[in-house]
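Asker: Sequences are here, hints too, so could you generate the full structure?
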Amino acid sequence: MPDTLIKIENLKTYFPVKKSIFSKKLFVRAVDDVTMEIPRGSTFAVVGESGSGKTTLARSVLRLIEPTSGKIFFDGSEILKLKGKDLLDVRRKMQIVFQDPYNSLHPRKLIKNIIGEGMKIHFKITESEIKDKISAVLKEVGLRDEHMFRYPHEFSGGQRQRIAFARAIVLKPKFIVLDEPTSALDVSVQAMVLKMLKDIRSQEGLTYMFITHNLSLVDYIADRVAVMYVGEVVEMGEKNTVFNHPSHPYTDLLMASNPIPDPKFQREKRLLKGEIPSSINPPSGCRFHNRCPHADQKCASQAPELSEHKPGHFVRCHYPL
Amino acid sequence: MELRGKLLDVSGLKVSFYTYRGVIKALDGVELWMDSGERLGVVGETGCGKSVTSLAVMRLIEQPGEIQAGKVIFNGKSLLELSEEEMNGVRGIEMSMIFQEPRSSLNPVMKVGYQIGEAIAKSKKMPIKKTYPEVREILKLVGLDPERVMNSYPHELSGGMSQRVMIGMGLATHPKLLIADEPTSALDVTIQAQILELLDELARKMGNAVMLITHDMGVVAEFCDKVMVMYAGNSVEYASTFELFERPLHPYTGGLLLAVPRVGRTDELKAIKGTVPDLVDPPSGCRFHPRCPRVMEICKENRPPLLQVEPGHFVACYLYGNKGEVKENA
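First to last, the protein sequences are chains A and B.
Take the first sequence: its position 1, counted from the start at 1, is 1 in full-length UniProt numbering, and no numbers get skipped.
Take the second sequence: its position 133, counted from the start at 1, is 133 in full-length UniProt numbering, and no numbers get skipped.
For the record, the hints were derived by calculation from the structure and aren't laboratory data.
Just to be clear, a hint being listed does not mean it is correct.
Computed cross-link-like contacts, DSBU-like style, restricted to lysine-lysine with a CA-CA straight-line distance of at most 30 Å [unchecked claim]:
1. 273(B) x 264(A)
2. 133(A) x 273(B)
3. 174(A) x 195(A)
4. 18(A) x 111(B)
5. 273(B) x 112(A)
6. 270(B) x 239(A)
7. 273(B) x 269(A)
8. 172(A) x 77(B)
9. 273(A) x 270(B)
10. 269(A) x 205(B)
11. 176(B) x 269(A)
12. 133(A) x 172(A)
13. 176(B) x 264(A)
14. 172(A) x 176(B)
15. 85(A) x 12(A)
16. 273(B) x 131(A)
17. 264(A) x 205(B)
18. 205(B) x 273(A)
19. 264(A) x 111(B)
20. 273(A) x 239(A)
21. 139(A) x 270(B)
22. 273(B) x 198(A)
23. 195(A) x 270(B)
24. 172(A) x 112(A)
25. 139(A) x 273(B)
26. 124(B) x 198(A)
27. 273(B) x 109(A)
28. 6(B) x 273(A)
29. 6(B) x 264(A)
30. 174(A) x 270(B)
31. 195(A) x 205(B)
32. 7(A) x 85(A)
Note that the coordinates shown come from a computational prediction; the quantities given were computed from them, not determined experimentally.
Answerer: Printed below as a string of structure tokens:
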């Protein structure tokens with residue numbers, strides 16, 4: 001039995017949409033019945049295209065968005081029921097790094113205030129202790145002491161993402177959500193940031209939820225992966241199992257669409273036809289059936305459950321590959 | 001004068017932008033060439049000048065930017081010497097361009113059919129209404145349903161559909177060259193694969209050359225015949241795609257390839273130390289020298305020219321300096 005840090009049960013996050021006052025109430029079903037477990041000390045990647053609900057899932061887990069229903073357990077405590085001091089304590093243990101480092105750092109605050117603000121809220125410590133901790137954490141993420149007295153605009157994208165990460169780890173969290181942390185960065189910079197994330201995870205014993213649309217990154221950083229499509233998890237398991245034997249037709253075609261930086265690699269051309277459906281009114285039955293090359297009558301009428309195809313490998317498909 | 005590319009030959013192109021911070025030397029002697037029907041990938045990171053190069057070739061550089069030097073020979077015409085009126089006969093007709101953000105490239109208050117019709121009307125000098133049969137054909141060609149799309153406004157289309165419209169608009173006049181500036185960067189991977197497939201299929205059918213500007217090495221490997229790698233406003237390496245990925249010569253290209261993550265790769269990614277230089281005050285000599293693992297004294301003082309070191313493989317680097325023979329183009 002692996003030690004589970006985060007356990008999500010039947011999580012739903014819906015957003016109401018206003019049509020006219022006469023039409024019935026409609027919802028964007030951004031996250032629809034997601035169940036998953038994240039083992040302690042691992043990197044759990046959530047992959048999906050735009051509109052798949054991966055970011056909403058991440059924010060719901062941190063209660064940055066209040067989920068509509070479901071349960072989330074963090075280290076055994078059900079966080080959707082927490083209030084006041086208990087909630088504050090859990091908030092410290094769960095941190096997030098956002099996608100765009102140009103918008104996630106306050107432009108008029110010094111780096112020391114950006115990183116130190118959380119400590120003032122969560123710890124009873126003196127200014128000089130705060131300063132020591134900031135200087136230590138800057139070193140850890142590969143920046144220098146003097147950077148403390150600068151403003152965000154003086155840094156490059158990669159450096160800003162290091163600052164955002166420093167702000168998260170300085171509170172000694174257990175769990176960090178990384179929401180597309182490198183998609184705004186150039187590849188040569190991305191490589192450095194990914195390496196830092198990987199190193200610090202093993203040093204500090206952190207658990208990551210890594211949100212991305214880039215399958216190549218998943219292979220580099222993750223241990224386990226969940227593939228999302230229109231609000232649902234369609235496939236989940238060990239990274240190697242999922243990547244070597246993709247069993248949901250969507251995962252399979254997603255992998256086939258991912259360009260490989262090697263001209264020698266001649267892959268068969270398999271395109272995913274059509275476009276991502278709306279999560280306000282998703283297709284009946286299996287949400288993927290109208291784009292699936294293997295779909296039949298059953299897929300159009302009956303929604304498949306996420307079931308254990310092989311031990312530890314979950315697939316939401318009537319006819320797994 | 002000997003041209004390296006029969007369709008397009010850009011040499012010594014310099015473009016600067018005059019800003020309050022100082023003069024940004026965005027392009028400083030860019031070299032680029034293409035044959036008819038060829039697919040050239042122009043790759044590089046943010047700020048390397050790949051988009052500015054494409055805009056300069058189209059003569060679309062606006063204030064505070066200025067083309068200061070260089071030659072652009074396209075299809076036998078020296079584009080930088082043409083009058084604005086003559087250039088209008090080339091731009092959008094013999095050479096067209098599609099952009100990264102398809103939705104912001106379309107006019108939001110005009111119907112899609114009308115917008116495509118405009119391009120044809122201009123090249124054939126006929127009223128827009130008469131182009132509609134041809135517009136329908138083009139929409140079919142790019143995989144859209146003419147009945148649905150003709151009278152739609154851009155906001156009614158998804159990102160992938162908008163990019164199809166842009167491609168249709170770009171190819172409506174049967175240009176010899178289509179410049180695609182990061183055409184799939186704003187799209188999801190499955191839609192990206194569809195769009196690349198479409199560009200490929202249409203280029204085969206219509207015989208146009210494609211200049212694909214991208215930062216994604218995967219897209220280059222799949223789509224391009226030849227690659228030009230740019231760094232900080234310079235052309236640093238040119239080779240066939242196969243050759244470039246197999247045997248990158250420039251230390252920057254080598255570093256870039258090692259930094260790219262890919263499925264099936266779990267070894268440590270190797271980053272290039274340092275960051276892209278500020279082009280207001282670029283490094284002396286080779287602009288890559290402060291980040292180069294194999295830097296020599298000469299690199300700090302002189303700029304290496306782009307030389308052919310092996311048949312079809314050009315590199316701007318003193319590591320190969322003695323073997324190269326200067327390809328004259330003046």
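Asker: Against this structure, judge whether each hint is valid.
Answerer: How the hints compare with the structure:
1. 273(B) x 264(A): 28 Å, holds
2. 133(A) x 273(B): 26 Å, holds
3. 174(A) x 195(A): 19 Å, holds
4. 18(A) x 111(B): Holds. Residue 18(A) to residue 111(B) sits at ~27 Å (cutoff 30 Å).
5. 273(B) x 112(A): Given pair residue 273(B), residue 112(A) holds - Cα atoms ~25 Å apart, limit 30 Å.
6. 270(B) x 239(A): Holds, at about 22 Å.
7. 273(B) x 269(A): Violated, at about 37 Å.
8. 172(A) x 77(B): 64 Å, violated
9. 273(A) x 270(B): 36 Å, violated
10. 269(A) x 205(B): 18 Å, holds
11. 176(B) x 269(A): Measuring from Cα to Cα gives roughly 26 Å; hence the hint holds.
12. 133(A) x 172(A): Since the Cα atoms of residue 133(A) and residue 172(A) sit roughly 11 Å apart, the hinted pair holds (cutoff 30 Å).
13. 176(B) x 264(A): Holds - the C-alpha atoms of residue 264(A) and residue 176(B) are around 28 Å apart, at most 30 Å.
14. 172(A) x 176(B): Answer violated: residue 172(A) to residue 176(B) is near 59 Å, above 30 Å.
15. 85(A) x 12(A): 25 Å, holds
16. 273(B) x 131(A): 28 Å, holds
17. 264(A) x 205(B): 24 Å, holds
18. 205(B) x 273(A): 21 Å, holds
19. 264(A) x 111(B): Outside the cut-off at roughly 43 Å; violated.
20. 273(A) x 239(A): Measuring from Cα to Cα gives roughly 25 Å; hence the hint holds.
21. 139(A) x 270(B): 20 Å, holds
22. 273(B) x 198(A): OK: residue 273(B) and residue 198(A) at ~18 Å, within 30 Å.
23. 195(A) x 270(B): At roughly 9 Å apart (the allowed maximum being 30 Å), residue 270(B) and residue 195(A) satisfy the hint.
24. 172(A) x 112(A): It holds: about 17 Å lies between the C-alpha atoms, which stays within 30 Å.
25. 139(A) x 273(B): 17 Å, holds
26. 124(B) x 198(A): 58 Å, violated
27. 273(B) x 109(A): 28 Å, holds
28. 6(B) x 273(A): 37 Å, violated
29. 6(B) x 264(A): With a Cα-Cα distance of about 27 Å, the restraint between residue 6(B) and residue 264(A) holds, given a limit of 30 Å.
30. 174(A) x 270(B): 28 Å, holds
31. 195(A) x 205(B): Answer violated: residue 195(A) to residue 205(B) is near 44 Å, above 30 Å.
32. 7(A) x 85(A): 22 Å, holds
Taken one by one, the earlier hints fail for this structure at numbers 7, 8, 9, 14, 19, 26, 28 and 31, listed in ascending order.
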